[in-house]
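S.K.: Residue numbers (my numbering), protein chains in the order written: chain A, 1 to 359; chain B, 1001 to 1311; chain C, 2001 to 2264.
These are calculated hints, taken from the structure and not from any lab test.
Be a bit skeptical, because a hint or two may be false.
Below are the BS3-like pairs computed for lysine-lysine, each with C-alpha atoms no more than 25 Å apart in a straight line [said to hold, decoys possible]:
(1) C/Lys2132 - C/Lys2115
(2) C/Lys2155 - A/Lys349
(3) A/Lys10 - C/Lys2072
(4) C/Lys2115 - C/Lys2155
(5) B/Lys1203 - B/Lys1048
(6) A/Lys202 - C/Lys2072
(7) C/Lys2115 - C/Lys2072
(8) A/Lys129 - A/Lys349
(9) A/Lys202 - A/Lys93
(10) A/Lys351 - C/Lys2196
(11) C/Lys2014 - A/Lys10
(12) A/Lys93 - A/Lys150
(13) A/Lys202 - C/Lys2014
(14) B/Lys1048 - A/Lys129
(15) C/Lys2132 - C/Lys2155
(16) A/Lys10 - A/Lys129
(17) A/Lys93 - A/Lys349
(18) C/Lys2115 - C/Lys2196
(19) A/Lys202 - C/Lys2155
Facing chain B, a subset of chain A residues (Cβ under 10 Å, in silico) [as the list claims (entries may be wrong)]:
(20) Ile128
(21) Phe131
(22) Val135
(23) Phe143
(24) Trp146
(25) Pro166
(26) Pro167
(27) Phe171
(28) Ile330
(29) Ile335
DEER-style ranges, computed between Cβ atoms [stated by the list, open to error]:
(30) C/Pro2129 - A/Pro356: 19 to 27 Å
(31) A/Asn304 - B/Leu1147: 22 to 30 Å
(32) A/Arg232 - C/Lys2072: 19 to 27 Å
(33) A/Asp182 - B/Lys1203: 23 to 31 Å
(34) C/Pro2129 - B/Leu1095: 20 to 28 Å
(35) B/Ile1083 - C/Leu2156: 49 to 57 Å
(36) B/Gly1133 - A/Val347: 25 to 33 Å
Cβ coordinates follow ideal geometry from the N, Cα and C atoms, glycine included.
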Amino acid sequence: MLYRETGQFKTSYAADQAIFPIRQDRYLAIAALVLAYVAVPLLGSEYWLLTIMIPFLVFSLAAIGLNLLTGYAGQLSLGTGGFMAVGAFATYKLTTSFPGLNIVAVFLLAGLVAAAVGLAFGFPSLRIKGFYLAVATLAAQFFLIWMFNKFPWFTNYTASGVISAPPRAVFGRFYVTGAEADPVDKYLFVLTVVVLLALAAKNLVRGRIGRAFMAIRDMDIAAEIIGIRPLRTKLLAFAVSSFYCGIAGAMWAFIYTGGVEPLAFDIDRSFQILFMVIIGGLGSILGSFLGAGFIVLTPLFLDNLPRLLGFAIPVNIASNLQAMIFGALIVFFLIAEPRGLARLWQVGKEKLRMWPFPY
Amino acid sequence: MEFLTAVFLTPFATMIDNPSFLLEVVIGGLLTGIMYSLVALGFVLIYKASGVFNFAQGTMVLFAALTFVSLLERGVPVWASFILAALVMVALAFLIERLMLRPLVNQEQIILFMATIGLSYFLAGFGELVWGGDVHLLDIGIPKEPLIFGGILVNEFDLVAAGVAGTLVAGLAFFFQYTRIGRALRAVADDHQAALSVGIPLKTIWVIVWSVAGIVGLVAGIMWGSNLGVQFSISLVALKALPVLILGGFTSVPGAIVGGLVIGAGEKVAEVFWGPITGGAIENWFAYVLALVFLLFRPQGIFGERLIERV
Amino acid sequence: MAAQVKPLGEPVLKAERITLSFGGIRALTEVSFEIRAHEILAIIGPNGAGKTSMLNVINGFYHPQQGTISFKGQLRRRPHAYEAAEHGIARTFQNVALFRGMTTLDNIMTGRLLKMRRNLFWQVLHWGPALKEEIEHRAVVERIIDFLEIQAIRKLPVGQLPYGLQKRVELGRALAMEPELLLLDEPMAGMNVEEKEDMSRFILDVNDEFGTTIALIEHDMGVVMDISDRVVVLDYGRKIADGAPDAVRANRDVIDAYFGMPHE
């Protein structure tokens, strides 16, 4: 009775193509936004905001970036960490060289830098496909991290090699980076950035560019016959994806950890984001969020589970168990639902459409 | 200007000045390359027969080595440890086939690839859980004396490694070409459906292939472990095997050897002669960039099959 | 079938002495023919005669070692497939080259990609000019969907559709490009009589209403005789006949080719 489409007629193509064509979904989305903007800051503790919500949002953004490239355009990439690092270091160099520049502008410019780097490393994708391309992106990953480690120019020649994010504010008053930043301000800032960029991504994929990406993914030879230029489309995919990953990396360093270090963006990070995209669902914006949520919450859950069940597990065993459970879950997901949590969500909605009738 | 000289002139000058040193570096690199090839061999076997890109190969190497060394430490004699460890890898192959390959049998390659990433994490955690996370020193009596051939320094250990690799490759080549099972493996590698239709039992073949790959991994693990000690970083070697595969082609056993040699030598030379300019650690990325450049000119590797895409 | 009086125009495509080899194998040898505006040309011949290769040469997938192709009077040198598309050539494939991850509607919408021009900025907003463009093209695609009678499967992923319907969707995608020359590779393969009648009707309607020039590869002689204006026959990579359907049918060489007899 709850979830019915009866009586909802689309009278225009625009309505049919809307992001949430079903009224109930629209309400759900609005409710989620209200929850995120109002309830969470009011009710959430600092711990929640800083160690759960912010990383979740930042990861979602990176996952969207990778999803655009791998899920929608079909170009497998293991270089996500490297592009995030570019965003983080570009932000550092920009904001220390131009302290007066608004942090939002800095983030956007850093994203553009990351996009340019992504573009450069995307050139091989015309000749190279599939796993070979994945290895090529590994070249990007290892090279970039090595570069940031080796050349002191990136860290402005600090003696210790440890750099921290200088405090910056939006609207002159609300600090979002640095030690004095209020957790609520940080959270709302990240939330807004992610919501806007997610909306942009969703718009992108339901328009002509999204279709071009998917055509390349599904059959890039056949895509040529409808006039798609494979190199241009693939390069665009790399650029847009790296833009998103760059901003995610910038926010990770500046807002979440407060410091910029290459280690945070190594090959493990690339795999982590890839897992989010696989588990959440390739080719789905919603899936990026679901996958990020899963990956952020599962370790916390596993950490706390023994305590909840009443016994303690030594730390090193716990981390091994986590790795095992993670690995097993990945295989399980791929077997049970290769299209990820997003597909499970869709299936759930379809069952809900008919509830309480069995069929 | 100084930078340009350093990059384009000095390294070559050093090489010309000191040819025997260059030769040492190249030979040392070649022999490291053999070690990469040993790992890459396992990849090639599995890819040839099941079309799966087994990202977990490195972790399998580690796991096999851990099992072997832990048995040794508990006083089991070398030959028995080897057989037991090999049996463990066979059992692992059974489990992998049953729990992972069979349910995913018709999925696309990328799904299987990602499943092997999951497998890799699982095995890494499991291995450490069961055998502990310390570094295990491994010594089964492989001589490590440095030898001098005509003014060039070579390590005995590396020669043994080369010998082992050579024997393995010869054995595998023989196996594939001349035995019934080898023929069946080649059929499966070519076309699953066709192989099924002539009655080749796919499941058994997969178990055999993953077992063989596991045992090859065991040998690789023993060699690497003797060299570096058995520790987690061995599984990262698998990542290095990827450029090797790219050069050699994913489906070619001789390609894995040649690829390993090229990568090993190339890496060493780059590190020794160009490393000092930037402060070292070029080895971190050189292999990948080399593979990348190579791919641009020959997308299927040296020996790989040319993908003819027909619409 | 009564001969239709149709205003046949200038040659839209001229293939001259096309020779194509793959390694040691000669796929086409000195094949020359024309396709005239507004006509339906059938390319027939036994299996392996080189028919698909000929289409691949026309739309840029293969580049012949010798010979030239001129389209609309312009000589085309080693064009990319996407250039052929830009010039107005659309095509379907023997093994249905649809985008399996997308719905019928989206697949046909991809046919409109060359005509959609709004840049990244508007795309991201999905508002204003981009939205208007999207809706305009959607209207065109819906007309094609109506024409091909595939409304019911509009939102289904094409991978799930039966083969016959997939071929129809592929035709829709080609039509969405509003091509001047439509190349169809065995559009009726694997269809039953009803489906073939439907497909024939669509092809004739497209040619009638939009004046689209059509070249199709077809094995069903009944269809060929019914709908084509002219027939070109290939055998072992050579053209062995070229003319009106009835003339070709009676041609000795053609009969020999189909029965596998050697001929000069």
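S.K.: Each hint needs a verdict: does it hold in this structure or not?
M.R.: Now for the hints, and whether the structure bears them out:
no. : hint                              : in the structure
1   : C/Lys2132 - C/Lys2115             : 13 Å, holds
2   : C/Lys2155 - A/Lys349              : 17 Å, holds
3   : A/Lys10 - C/Lys2072               : 43 Å, violated
4   : C/Lys2115 - C/Lys2155             : 22 Å, holds
5   : B/Lys1203 - B/Lys1048             : 15 Å, holds
6   : A/Lys202 - C/Lys2072              : 41 Å, violated
7   : C/Lys2115 - C/Lys2072             : 20 Å, holds
8   : A/Lys129 - A/Lys349               : 35 Å, violated
9   : A/Lys202 - A/Lys93                : 31 Å, violated
10  : A/Lys351 - C/Lys2196              : 38 Å, violated
11  : C/Lys2014 - A/Lys10               : 48 Å, violated
12  : A/Lys93 - A/Lys150                : 16 Å, holds
13  : A/Lys202 - C/Lys2014              : 45 Å, violated
14  : B/Lys1048 - A/Lys129              : 18 Å, holds
15  : C/Lys2132 - C/Lys2155             : 21 Å, holds
16  : A/Lys10 - A/Lys129                : 41 Å, violated
17  : A/Lys93 - A/Lys349                : 46 Å, violated
18  : C/Lys2115 - C/Lys2196             : 31 Å, violated
19  : A/Lys202 - C/Lys2155              : 18 Å, holds
20  : Ile128                            : 5 Å, holds
21  : Phe131                            : 5 Å, holds
22  : Val135                            : 5 Å, holds
23  : Phe143                            : 4 Å, holds
24  : Trp146                            : 5 Å, holds
25  : Pro166                            : 27 Å, violated
26  : Pro167                            : 32 Å, violated
27  : Phe171                            : 42 Å, violated
28  : Ile330                            : 3 Å, holds
29  : Ile335                            : 4 Å, holds
30  : C/Pro2129 - A/Pro356: 19 to 27 Å  : 46 Å, violated
31  : A/Asn304 - B/Leu1147: 22 to 30 Å  : 57 Å, violated
32  : A/Arg232 - C/Lys2072: 19 to 27 Å  : 25 Å, holds
33  : A/Asp182 - B/Lys1203: 23 to 31 Å  : 60 Å, violated
34  : C/Pro2129 - B/Leu1095: 20 to 28 Å : 57 Å, violated
35  : B/Ile1083 - C/Leu2156: 49 to 57 Å : 56 Å, holds
36  : B/Gly1133 - A/Val347: 25 to 33 Å  : 41 Å, violated
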